[in-house]
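Sequences listed follow chains H and D, in order. Positions 450 to 633 (my numbering) are the ones given, in order, by the first sequence. Positions 288 to 661 (my numbering) are the ones given, in order, by the second sequence.
Be aware that one or more of the hints could be misleading.
[To be verified] A partial selection of chain D residues facing chain H, derived with a Cβ cut-off under 8 Å:
id, residue
1, Lys-289
2, Leu-292
3, Ile-458
4, Met-462
5, Arg-463
6, Glu-527
7, Lys-531
8, Ala-571
9, Lys-573
10, Glu-574
11, His-629
12, Phe-648
13, Leu-652
Calculated directly from the structure, the hints in this document are not laboratory data. We treat Cβ as the ideally placed atom computed from N, Cα and C, and that holds for glycine.
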Amino acid sequence: MGSKKIEITLSGAGGQGIVVAGYVIVYAAGILEGKEVVQVISYGPEARLGSSRSDVIVADSPIAYPKVKRPDIMLIMNQESYDKLHGNLKEGGTLIVDTTFVNGVKEEFAYKVPFTRYAREDIGSPVVANMMALGFMARLTGIIKIDSLKQAIQDKVKKSFVNLNLQAVEKGVALAEDIINNKA
Amino acid sequence: MKIELYQGNEAVAYGALRAGVSFYGGYPITPSSEIAEVMARELPKRDGVFIQMEDEIASLAACIGARLAGRKSMTATSGPGFSLMQEHLGYAAMAEVPVVIIDAMRGGPSTGLPTRTSQGDIMQARWGTHGDHPVVVLMPSTVEEAFYFTIDAVNISERLRLPAVVLSDEILSHMREKVVIDREVEIWEKEPDIKPGERYFPFDENNIYDSGILPFGKGQRYHVTGLVHGKDGFPSNDPEVAKKNLERFKKKIEDNIELLTDVEYYKTDDAEILFVAGGTAARATKEIVDVLRDRGIKIGLFRPKIVWPFPGHELKKFDGRVSHVIVPELNQGQLIYEVERHFKTSLVFGLNRYDGELFTFDELLDGTLNIIKS
């Protein structure tokens, strides 16, 4: 059919902002960039620390099957998610891991970044690790434009937290650029 | 064109507001709670009323009362709450009070799997309350449908004066998609015009459907009861009256079968194999149709958007035209009972998953291929 479809799985613990991160992607891609999008979430009954997963699909044409089959891009933010899900990644897919909480990553091609540690140390708040990871992902994969990501944060995040989140995005973008430049 | 990125539950709530719902009585329960959240936030701004009741029995009772006082009313729940609502669902049917119930299905029975999906309430939505009763049940597949089907549910329930149910499920309720929110819709509204000195009989032959219902406080007294009743609403033990009561209910459905028939035919024209599925299961199935069509298999999907009354009169046209009928459901097999009775020659098979998860794409594909080969 020739239509493009990118599948993304975001997974971590409840409270790490996995659902919000997925929402920001679908808002940026769907509303700001006019693509077809769907987000399906799954979580346990706990408000915090249960597992939390966000499946996002971005496509050029309408999406029928709503869940991710084999993700092109995967963001993993805790050990349980890594152990359970890393094998699902599509061949040649992009694996991004927050090594603050994940040890023993087997894939050599994985991008291993301690987002939460950077967020805590550089930005002063661990809760923006999700947005840092999105900035990283956006710069690395082009799944959404950096500008759309920033706009999405301005549109949808509570005013008093916008700057903190934007700083996190910038940091994520810079981290990705370091990697891209080192490869070049 | 105005586009919003809604979650299924938000779409339901905004659809209800668009349809003119101005009363919500409910008790929060996962995975339906966001509907209550939106209604609690939005209704007071629009002179509407939101009440959190002590439980789901009271919630539906409040809605019925509010509707009799002139407000279009809605509640939302999930399996355990839907079980409790059955009593008043029957009451609304008997008293002929329009009301809309959203059931975001989750794993059951009992409290089951609060955050996981299911289609286990398909039969309960039809037969959960006792007695021969009319009910209309809609089953959206997309977030946009959740928005517009809720509007349809309000309109249908108002026109036919009966309870209408929208069956969502955990996946759809929490799914986010784009919704075009400014498509043209008709909102049905009517109040009986009673001349001074005239007496209003809410249950006479002129007031079965499309008549509206005169709210309390408009100068007419009438009686509302769950007992068999005559045209004035007062109880009766007369077999003739009892029969008439039940025949009114049947008439609501039979006279309006056109309004109540809403089916999507997806690539069914030349189909030799037919899926019959609703809601989230249907949506997953659609992609299987595309994949198998690419492999040269003539397969299509018959998707009832209104699942009750079941569009058997449309489905049975496929009997003998297709060799296999496959019914994918997120339960141990409920819709299949209704499907089977419309096929005398084609073979009917179920495909079921009931662990709280949606079919994986591969299991749906392999399951289908195994059935076709059999």
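Hints versus structure:
1. Lys-289: violated (11 Å)
2. Leu-292: holds (5 Å)
3. Ile-458: holds (6 Å)
4. Met-462: holds (5 Å)
5. Arg-463: holds (4 Å)
6. Glu-527: For Glu-527/D, the interface hint is violated, since the closest Cβ of chain H sits about 52 Å away, which is over 8 Å.
7. Lys-531: violated (47 Å)
8. Ala-571: holds (5 Å)
9. Lys-573: At about 4 Å, which falls below the 8 Å cut-off, the nearest Cβ of chain H leaves the hint on Lys-573/D intact, so it holds.
10. Glu-574: This hint holds: Glu-574/D lies near chain H, its Cβ roughly 4 Å from the closest one there, short of 8 Å.
11. His-629: violated (25 Å)
12. Phe-648: Constraint on Phe-648/D satisfied, holds at 5 Å.
13. Leu-652: violated (10 Å)
Hint compliance for this structure: hints 1, 6, 7, 11 and 13 are not met, and every other hint is.
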